[in-house]
Amino acid sequence: MPTKTFLNLSAEKQHTMYAAMYAEFSTYTLAEAKISNIVTTAHISRGSFYTYFDDIDDAYQWVLNDVIADIHQTIDKKDIVSSTEAFILKAKTSPHFDFLSHYYIVNEAFLQQKNVKAAQHDFRLLDTNSTADDISQWLVIQSVHQLIRAFFLNPDKQAHIITTLHMLKNWRTVG
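In this text, residue positions in the sequence shown follow the numbering used here: the first is 256, and each later residue adds one.
In case anyone wonders, no lab produced these hints; they're calculated from the structure. Some hints could be false.
What the hints assert, rightly or not - DSSO-like cross-link-like pairs, simulated, lysine-lysine; straight-line CA separation at most 27 Å:
{"no.": "1", "residue 1": "K289", "residue 2": "K259"}
{"no.": "2", "residue 1": "K345", "residue 2": "K332"}
{"no.": "3", "residue 1": "K369", "residue 2": "K345"}
{"no.": "4", "residue 1": "K412", "residue 2": "K345"}
{"no.": "5", "residue 1": "K412", "residue 2": "K347"}
{"no.": "6", "residue 1": "K369", "residue 2": "K259"}
{"no.": "7", "residue 1": "K332", "residue 2": "K268"}
{"no.": "8", "residue 1": "K345", "residue 2": "K424"}
{"no.": "9", "residue 1": "K289", "residue 2": "K332"}
{"no.": "10", "residue 1": "K412", "residue 2": "K424"}
{"no.": "11", "residue 1": "K332", "residue 2": "K424"}
{"no.": "12", "residue 1": "K424", "residue 2": "K333"}
{"no.": "13", "residue 1": "K333", "residue 2": "K345"}
{"no.": "14", "residue 1": "K268", "residue 2": "K289"}
{"no.": "15", "residue 1": "K333", "residue 2": "K268"}
{"no.": "16", "residue 1": "K369", "residue 2": "K289"}
{"no.": "17", "residue 1": "K347", "residue 2": "K424"}
{"no.": "18", "residue 1": "K333", "residue 2": "K347"}
Construct the entire structure; sequences and hints are all you get.
In C-alpha cells form, the structure reads like this:
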C-alpha cells in the first residue's frame with residue numbers, strides 16, 4: 256500500500272502515478288510489468304517509486320483495490336445478481352476490461368503463488384450463528400464472483416454465464 260510520503264503528495268501527482276501504474280498493469284501482466292515503464296510514464300525517479308511503494312506487487316495491490324472498489328460502487332447490494340449481469344454485459348467495453356483480464360488470467364494466481372494477499376473483500380466464512388438468509392447471501396456472493404472469474408477466463412461464454420445468473424436469481428427468488 257502507498258506510504259505516508261505518497262499520501263502527502265498532491266492529488267495531481269498521486270493521479271499521475273496511479274494513471275502510469277494502471278496503464279502498465281492494463282497492458283502487461285504483473286510478471287511482465289516494469290517499474291522502469293511506470294517511472295518513465297509518471298516522470299519520477301526509480302528511487303521516488305520506492306519511497307511510495309515497497310515493490311511492484313505493493314503498487315499493483317493498491318491499484319487492484321481501487322479497481323475493485325470502483326466496480327463495487329455499481330453493485331446494488333439488494334440485487335447483486337442483476338448488478339453482476341449488468342457488469343458482465345458491459346465488461347467488454349469497460350475501461351477496466353484489460354486490467355481485469357490480466358488479473359483473472361494471470362495475476363490472481365501469480366499473487367497467490369507469491370503469497371501476496373489477493374483482493375477477496377467479500378470472502379468470509381460462515382459461522383455457527385448464520386441464518387438461512389446469511390447462507391443464501393453467502394452462496395450468491397461466492398457464485399457471482401466465480402461467474403465473473405469464469406467470464407474473464409472465457410469471455411466467449413458470456414451468454415452461458417448470463418443464463419447461469421438468471422438461474423441463480425430464480426433459485427434465490429423461489430428459495
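Here is how each hint holds up against the structure:
About 23 Å separates the Cα atoms of K289 and K259, which keeps this hinted pair within 27 Å; it holds. This hinted pair checks out: K345 and K332 have alpha carbons roughly 18 Å apart, not beyond 27 Å. About 32 Å separates the Cα atoms of K369 and K345, which puts this hinted pair outside 27 Å; it is violated. Taking the CA atoms of K412 and K345, the gap is near 14 Å; set against the 27 Å cutoff, the hint holds.
For the given pair, K412 sits about 12 Å from K347 by alpha-carbon distance, which is consistent with the 27 Å threshold. Taking the CA atoms of K369 and K259, the gap is about 25 Å. The hint holds against a cut of 27 Å. Under the criterion of a C-alpha separation no larger than 27 Å, the hint pairing K332 with K268 is inconsistent with the structure, at around 34 Å. Proposed proximity of K345 and K424 is supported: the alpha carbons are some 19 Å apart, at most 27 Å.
Distance restraint check for K289 and K332: the Cα-Cα separation of roughly 37 Å exceeds the 27 Å cut-off, and the hinted pair is therefore not satisfied. With a CA separation close to 18 Å, the supplied pair K412 and K424 stays within the 27 Å bound. The hinted pair formed by K332 and K424 meets the criterion: a straight-line CA distance of about 14 Å does not exceed 27 Å. For the given pair, K424 sits about 12 Å from K333 by alpha-carbon distance, which is consistent with the 27 Å threshold.
A C-alpha spacing of about 20 Å is found between K333 and K345, which places the hinted pair at or below 27 Å, so the restraint holds. Only pairs whose Cα atoms come within 27 Å are accepted, and K268 paired with K289 is accepted, the gap being roughly 19 Å. Between K333 and K268, the direct Cα distance comes to roughly 37 Å. Violation of the 27 Å bound is thereby established for this hinted pair. Between K369 and K289 the CA atoms are separated by roughly 17 Å; this keeps the pair inside 27 Å, and the hint holds.
A distance of roughly 23 Å separates the Cα atoms of K347 and K424; the hinted pair therefore holds under the 27 Å criterion. With a C-alpha separation of about 25 Å, the suggested pairing of K333 with K347 holds against the 27 Å cut-off.
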